[in-house]
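Visitor: Chains as they are written, first to last, in our numbering: chain A, 4 to 288; chain B, 0 to 311; chain C, 59 to 424.
Mixed in with the good hints there might be a few duds.
Unchecked claim - Taking lysine-lysine and the PhoX-like style, the derived pairs with C-alpha atoms no more than 20 Å apart in a straight line are:
1. B:Lys87 with C:Lys76
2. B:Lys87 with B:Lys135
3. C:Lys68 with B:Lys74
4. B:Lys135 with B:Lys74
5. B:Lys87 with A:Lys280
6. C:Lys146 with C:Lys136
7. B:Lys87 with A:Lys200
What the hints contain is simulated information worked out from the structure, not anything from laboratory work.
Remember, it's a predicted structure, so these values are computed and weren't measured experimentally.
In case you want the letters, here they are:
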Amino acid sequence: MAVYRRSYKPYAGTLTPAWSRFLVIFRYSRKSLFRSKVQTGLFVVCFFFPIACLVMIYLAHSAGFLAKIGIPSQILSIDNSFFFRYMSVQGGLAFLLTAFAGPGLISPDLANGALPLYFCRPFSRAEYVLGKASVLVILLSAVTWIPGLLLFVMQASLEGTSWAWTNLWIAGSLILSSLIWISILSLLAMALSAWVKWRIVAGASLLGVMFFGAGFGQAINAVLRTDSGYFFNLGYLMATVWNALFRTDRMQVISISQAWAALLFYCGVCLWLLLRKVRAFEVIR
Amino acid sequence: MSDQITFEDVSKFYGEILGVNRVSLSIPSGITSLVGPNGSGKTTLMNLMTGLVRPSRGQIRVLGYKTDDPENLFKIVGYSTQFDAFPKGLTGFQFLYSYLRLSGADSATCERLSWQAIERVNLGEAAHRNVAAYSKGMRQRIRLAQALAHDPKVLVLDEPLNGLDPLARSEMIALFRAAAAQGCYVIISSHILHEVDVISDQVVLLSNGYVVAEGQIQTVRNEIQEHPTQIMIRCNRPRELAAKMFTSEHAIEVSIHKDERGLLLKTRDADRFYLALNELALNGIEIESIAPADDDVLSVYEYLIGNEEVVR
Amino acid sequence: MNSLWWAQIKAVIHLEFKKTLFARRGLWIYVLAALPVLLYVAFAFAVGNRQHHSERIAHRGEKQLTYQDLSAVRTGMKKDEVIALLGKPPVADHWTEERPVVGGPNVKVAHEEYHYSDGRSDLNIGIADGNVDYINLSSSNDLGQDSVMFAGVFQFFFLRLAIFFGCLGIFMNLFRGEVLDRSLHFYFLAPIRRDVLMVGKFLAGLLATCVIFLTSEILQTCAYLWHYTAAEQDLYLYHNHGLEHAAIYAGVTLLACLGYGSFFLVAGMLFRNPIAPAAVALIWEAINPFLPAVLKQFSIIYYLKSLCPVEIPVAPGTSPLFALLISNSDPISAPVAIIGILLVSAVALYISSLQVRRMEVNYTTE
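Construct the entire structure; sequences and hints are all you get.
Guide: Structure below.
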């Protein structure tokens, strides 16, 4: 090429749609997700209970087989309580998955000074957070509402369309309860990951928030002879919301509106932490 | 006590990845430069001689001390690493002072040594600022200060001029020279070959974890038989001189310099050529200068390491 | 040589304190230790307010009542019988309820709620249609109940969570944190033996956790005794083993810091991601009561529980699982418990000293 032509020219080809750019982060973050054998193993373990539920659904419709092995068919009842229990177990496993996968999302970028590299491009903080969150959303969806919906479809196909129409709300509850829990876990994991620069400490903090919060809540209830301690127990708050969504009649100490308010408060705090920490610069005095 | 830094058949493997292999070296006092491309093993060699990593095989001794004896070793060794990270929450002064206290010295001594080191690297004004707020050059200087603070006999410096402005570079080079003049062992790794040329007493060339050559540059150059010595001659009648050189058995190749005021000669026996030049340069040819054109680090690097990369 | 090592250890401790404990990054440990103190302070305020409320109600009553008077009320008694027994209620609430009746119009039911107090205990009586419908007799706190409450919170919250996570954060970071910060080589490049360095760092962490959590434990004790009168405090502390219990809790706190600290120190050195062993330890400690006797001994909480001075009684009707959790079915003697923890710590420190000598600085693999 002639020397006078050797100059910088901006890219003149077609651009990808602006709304989809956050998926670039997802594409690269997901590659590191299954590098850890422990994480991969845990992901596989998350499917054991849905498979067991699938077997239970099948058995519930095999009265002859149950009679042969001496189990009364009334024991296996596939109803809203069944799906509530499914959600409880998978919700716990989703938390464990988040504890492994979540801390590595933002901490390494903070520790290695990568945030300025992201934000010196036409890429907003919201897109960055959305991209990172999409990793967890997709991962946790794969172990919560997606297998849950499959179970629902399986049950509907065996039970008949009238059952499906009558209980279609359970499918909606499955999706909604999963998405709420995924949102909370994602925000919490990212906020802790952004606040501490070490991935390991972020993981410990996530465990701490859950277990220490629950323990502290119990201590408050025991010492002050109140029920306010449950507001520190994220798991209990979520179970209260799930209880209402699945219309199960378990005794709840705090009302559904109080649980919602507390969860929204936690989400607000997480968003504030993210806003403070996910920046292109860090001022050190 | 030995007066050298010795590597005896030292190898270091990081799993299946080779760090250095079968390195045997004796490093005398003075300024020794470790030269090689990225990944050649320079930092590994430095980490080995300071005990930060253990050799997979072989033995290393630094002035008679084993590298797994930090209590004695680091009284005489100072190492400025490549790691651009510092303990959080400390100012420049606190950083130097606190780590000097680890030697067991009293507070007054540590304070005096800290300030001395800070003055040597010209960081007096920034000494009470948090290290995390330093610029790249300041961080490099405080690393150097940490290595120099306790007046060690052996200075191991991994790319010490990285990030420094030209004035700071010349100051540091003067400092290294002064240390070497006092009998210290200064081991430097650098990519800036013309500076290595200027300051080094000896070089160690590394490639792919092997020591390719070691010693003084001229000695190393003389041993590279496959590349004839290049000599630049500046004279008033280069073409005439070139024609005469072809009659000499020592000249392999002659090329005229583009400014027509000199010529570049290749010869396998520089000493004999110089003797022959006296006769060749008679009959009115005025010779302005004669100098080897390729006995610098860059040329040796290209011959020994650059060719390997090309072949690869 | 010993004086040199001591000087070096002191220098390491000083540096650790400056970097972590007296820095903003160490704030969370103080919060962890302060939470139970704040809880007991809130408890003292709540109890104090409740007592003032009770005294106000008692003062407004027609006659001076005793606990026996309050506990004499039964469900089904008539309103007039209640008033005859306890006098006119100093505080009374009235409301009407419309109850639906099958096959007929709604029926209005008159409700009343009477509040009585003897100055310490409160009695709430619910009256529907002139008959006692429900009784709620809440006794004031006594030191016996409060010491059991303190024991429960101490064992299940303070030891297993607060000290556990505090030690996890501090001791795990002593070496693993330096590796993540890429600053470990500064220690290794100092003329200090690596095992002396390890001892110095461990002592720094131990000193910090002991001071923080011991202070927290002492303040908790003061806070939960705060609302009692001086005479009651005196009686409890000097005549009912109160001081002895407080000293034992302090000792248990120190041993917990030692035990958990040494475990997390070695975990931080052996594992690249010490969260996995920490999670395992958390679960292991939680299920300790359900393990066979042989396996129980491989736990720090097993020894600490045996040292706690106040046993948590199992209330009748408690589920067997919960009863197993709160009771100490295989208690061991205090000397054995102390030796057990010291032994666990010594083994952990020995492994740490071996490991620190073998450590290499290779940040690129982290």
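Visitor: Holds or violated: B:Lys87 with C:Lys76, Cα cutoff 20 Å?
Guide: holds, 10 Å
Visitor: Could you grab the alpha-carbon distance between B:Lys87 and A:Lys280 and see if it respects the 20 Å cut-off?
Guide: holds, 18 Å
Visitor: Would the hint linking C:Lys68 and B:Lys74 be met if the CA-CA limit is 20 Å?
Guide: holds, 19 Å
Visitor: With the threshold set at 20 Å, check whether the alpha-carbon distance from B:Lys87 to A:Lys200 stays at or below it.
Guide: It holds: about 12 Å lies between the C-alpha atoms, which stays within 20 Å.
Visitor: Taking 20 Å as the top limit, are the C-alpha atoms of B:Lys87 and B:Lys135 close enough?
Guide: holds, 16 Å
Visitor: Checking one constraint from the list: CA of C:Lys146 to CA of C:Lys136, max 20 Å. Satisfied?
Guide: Holds, at roughly 14 Å.
Visitor: Is the Cα-Cα distance between B:Lys135 and B:Lys74 20 Å or less?
Guide: violated, 28 Å
Checked against the numbered hints listed earlier, the structure breaks hint 4 alone; every other hint is satisfied.
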